[in-house]
Every structure is written in C-alpha cells, then in structure tokens.
Amino acid sequence: DAKTTQPTSMDCAEGRAANLPCNHSTISGNEYVYWYRQIHSQGPQYIIHGLKNNETNEMASLIITEDRKSSTLILPHATLRDTAVYYCIVSGDSWGKLQFGAGTQVVVTP
Amino acid sequence: DTEVTQTPKHLVMGMTNKKSLKCEQHMGHRAMYWYKQKAKKPPELMFVYSYEKLSINESVPSRFSPECPNSSLLNLHLHALQPEDSALYLCASSPGGRDYGYTFGSGTRLTVV
Numbered sequence: 001d002a003k004t005t006q007p008t009s010m011d012c013a014e015g016r017a018a019n020l021p022c023n024h025s026t027i028s029g030n031e032y033v034y035w036y037r038q039i040h041s042q043g044p045q046y047i048i049h050g051l052k053n054n055e056t057n058e059m060a061s062l063i064i065t066e067d068r069k070s071s072t073l074i075l076p077h078a079t080l081r082d083t084a085v086y087y088c089i090v091s092g093d094s095w096g097k098l099q100f101g102a103g104t105q106v107v108v109t110p
Numbered sequence: 001d002t003e004v005t006q007t008p009k010h011l012v013m014g015m016t017n018k019k020s021l022k023c024e025q026h027m028g029h030r031a032m033y034w035y036k037q038k039a040k041k042p043p044e045l046m047f048v049y050s051y052e053k054l055s056i057n058e059s060v061p062s063r064f065s066p067e068c069p070n071s072s073l074l075n076l077h078l079h080a081l082q083p084e085d086s087a088l089y090l091c092a093s094s095p096g097g098r099d100y101g102y103t104f105g106s107g108t109r110l111t112v113v
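Just so you know, the protein sequences line up as chains A and B, in that order.
Position one of the first sequence corresponds to residue 1 (this note's numbering), numbered consecutively onward.
Position one of the second sequence corresponds to residue 1 (this note's numbering), numbered consecutively onward.
One chain only, chain A, in its complex shape (with noise of 0.2 angstroms):
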C-alpha cells in the first residue's frame, strides 16, 4: 500500500472550514483515499473515501487530484467535537486491509 504523508498537527477556528492535506504520491491506480478520525478513548471513526472522483457526504468532501499524488479532506464548518486526530490511509487491499500512519491532531478552537 502507498505511504501516506499528512501535517501532525492542525488548528481551526470553531464555524470555520478545516481542509486537510494528504500527501500520498506513490498511490497506484487500483488503491483508494480512506480518511477515519479517532477521538480521546474512542474507536476510529469512518468518515469518507474515495478512488478518482471527488466525494461528498454528510460529515466531508474528499478532494483528490487529477493526478491523485494528493487529497483534501474538508470539514465544511468545524466543530469543538470535530477535535480529533484524522488518518489518511490509502489502500488497494481486495479485503480492505488497512494500515494506520500517524495521523493530523486537529484542535478546533472556541
């Protein structure tokens, strides 16, 4: 699976849109854009992915390059509870095998 390079650290102001980057240049063409985040104590969290197309859901946007080398997660209005460590993962395992790098710590502020 591609390795994935993400920021380790992140602040947001509360209302305001979080846009994290992913880097993951080595992805190949059959792998996806996962993105979970964990919060304090808590089991990772799905929140959306994506192979080629940008995708939209309830909780994000997935933003991918035409090239895919790169993507954005973006968190349209952020929350004090949207305050989480989020995990990029990219993967092309037929099982869905995934495997955690270390992740952005997001602080949403007051």
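Be careful, since some hints might not be right.
[What the hints assert, rightly or not] Here are the computed lysine-lysine pairs in the DSS-like style, where the Cα-Cα straight-line distance is at most 25 angstroms:
hint : chain 1 : residue 1 : chain 2 : residue 2
1    : B       : Lys22     : B       : Lys53
2    : A       : Lys52     : A       : Lys3
3    : A       : Lys3      : A       : Lys69
4    : B       : Lys41     : B       : Lys22
5    : A       : Lys52     : A       : Lys97
6    : B       : Lys41     : A       : Lys3
7    : A       : Lys97     : A       : Lys69
8    : B       : Lys38     : B       : Lys18
9    : B       : Lys53     : A       : Lys97
10   : A       : Lys3      : B       : Lys18
11   : B       : Lys40     : A       : Lys97
12   : A       : Lys97     : B       : Lys38
13   : A       : Lys52     : A       : Lys69
14   : B       : Lys9      : B       : Lys41
15   : B       : Lys38     : B       : Lys9
16   : B       : Lys53     : B       : Lys40
17   : B       : Lys41     : B       : Lys53
18   : B       : Lys22     : B       : Lys40
19   : A       : Lys97     : A       : Lys3
20   : B       : Lys22     : A       : Lys97
21   : B       : Lys9      : B       : Lys40
22   : B       : Lys41     : A       : Lys97
23   : B       : Lys53     : B       : Lys19
24   : A       : Lys3      : B       : Lys9
[Claimed, not checked] Not the full set, but computed from the structure, chain A residues with beta-carbon under 10 angstroms of chain B:
hint : residue
25   : Thr26
26   : Asn30
27   : Glu31
28   : Tyr32
29   : Tyr34
30   : Val85
31   : Tyr87
32   : Val108
33   : Pro110
[As the list claims (entries may be wrong)] Chain B regions said to be covered by chain A (calculated; three or more residues, Cβ under 8 angstroms):
hint : stretch
34   : 38–46
35   : 50–63
36   : 96–102
These are computed hints drawn from the structure, not numbers from a lab.
Ideal Cβ positions, reconstructed from N, Cα and C, are used throughout, including at glycine.
With the hints as your guide, set chain B onto chain A.
Positioned in the frame of chain A, the structure of chain B alone reads:
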C-alpha cells in the same frame, strides 16, 4: 443495528491469567479485524478474518489467539501476556472489498499486571 460491540470495556489481568475479548456485529459484514493501539500511537493491524477464516496474521505472538465462531462474532483469546501488551484492543468489521469503510468498536482497554 449499525454498531460493533466490544466487551468488556476494561480488563485487568495477571500475567498467568487466561481471558478473552469479544466482538459482535449484526450488519452482515464478511470481514472482521483486530487492531492493537498503544497510547499516543496509531492502531496496528493484528488479524483479518474474511468469511470466518483467518486470512491475515500480522506476525502476532501466539499468546494472542483469535477465533471466529460465526459470521457475527470475533474473539481474541489472551494467555500469558506481558505488561507491554497493555493497550486498547479494537475490533472492526466491513462488508469486504475496497469500496467500503470499516465500522470500529469502542475497544477494550487491557491492563496486564
């Protein structure tokens, strides 16, 4: 039911004890996973079950023994653990395949004394 349920939530065990962690899902998911997470570290994959058969063992020591009695249930049997095995143990499930996300349980916090 859209949850993965893990029991117990907390467990303290001695190094000579035998205990089991339990994970249950009723979403019809065909893949189930065990992860281990140490403090301030990301989750590390331990085992993958697909269609109730062990498909991946990430070189986990034999003192951890997984079992999948049926499509809804996943156990992790623990024996002769060491204090460094203290961690949060997470279970997850998915329909299988790349085009789905995982559903994680809230974990069992294990302390080995």
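Tested hints:
1. Lys22(B) to Lys53(B): Satisfied, since the Cα-Cα distance of roughly 17 angstroms is no more than 25 angstroms.
2. Lys52(A) to Lys3(A): Within the cut-off at roughly 17 angstroms; holds.
3. Lys3(A) to Lys69(A): 11 angstroms, holds
4. Lys41(B) to Lys22(B): 23 angstroms, holds
5. Lys52(A) to Lys97(A): Cα-Cα ~19 angstroms, so holds.
6. Lys41(B) to Lys3(A): Given that 25 angstroms is the threshold and the Cα spacing comes to 17 angstroms, the pair holds.
7. Lys97(A) to Lys69(A): Roughly 20 angstroms separates the two Cα atoms, so the pair holds.
8. Lys38(B) to Lys18(B): The hint holds at about 21 angstroms.
9. Lys53(B) to Lys97(A): 15 angstroms, holds
10. Lys3(A) to Lys18(B): 37 angstroms, violated
11. Lys40(B) to Lys97(A): 22 angstroms, holds
12. Lys97(A) to Lys38(B): 19 angstroms, holds
13. Lys52(A) to Lys69(A): 10 angstroms, holds
14. Lys9(B) to Lys41(B): Satisfied, since the Cα-Cα distance of roughly 19 angstroms is no more than 25 angstroms.
15. Lys38(B) to Lys9(B): 16 angstroms, holds
16. Lys53(B) to Lys40(B): 31 angstroms, violated
17. Lys41(B) to Lys53(B): At roughly 28 angstroms apart (the allowed maximum being 25 angstroms), Lys53(B) and Lys41(B) break the hint.
18. Lys22(B) to Lys40(B): Holds - the C-alpha atoms of Lys40(B) and Lys22(B) are around 24 angstroms apart, at most 25 angstroms.
19. Lys97(A) to Lys3(A): 14 angstroms, holds
20. Lys22(B) to Lys97(A): With Cα atoms ~21 angstroms apart, Lys22(B) and Lys97(A) stay inside 25 angstroms; holds.
21. Lys9(B) to Lys40(B): 19 angstroms, holds
22. Lys41(B) to Lys97(A): 18 angstroms, holds
23. Lys53(B) to Lys19(B): 22 angstroms, holds
24. Lys3(A) to Lys9(B): 32 angstroms, violated
25. Thr26: 17 angstroms, violated
26. Asn30: It holds, given that the least Cβ distance between Asn30(A) and chain B is near 7 angstroms, below 10 angstroms.
27. Glu31: 8 angstroms, holds
28. Tyr32: 5 angstroms, holds
29. Tyr34: 7 angstroms, holds
30. Val85: At about 8 angstroms, which falls below the 10 angstroms cut-off, the nearest Cβ of chain B leaves the hint on Val85(A) intact, so it holds.
31. Tyr87: Since chain B brings a Cβ to about 7 angstroms from Tyr87(A), closer than 10 angstroms, the hint holds.
32. Val108: 20 angstroms, violated
33. Pro110: 25 angstroms, violated
34. 38–46: Check passed, 4 qualifying residues.
35. 50–63: It holds: at least three residues are needed, and the stretch 50–63 of chain B offers 3 whose Cβ sits within less than 8 angstroms of chain A.
36. 96–102: holds (count 7)
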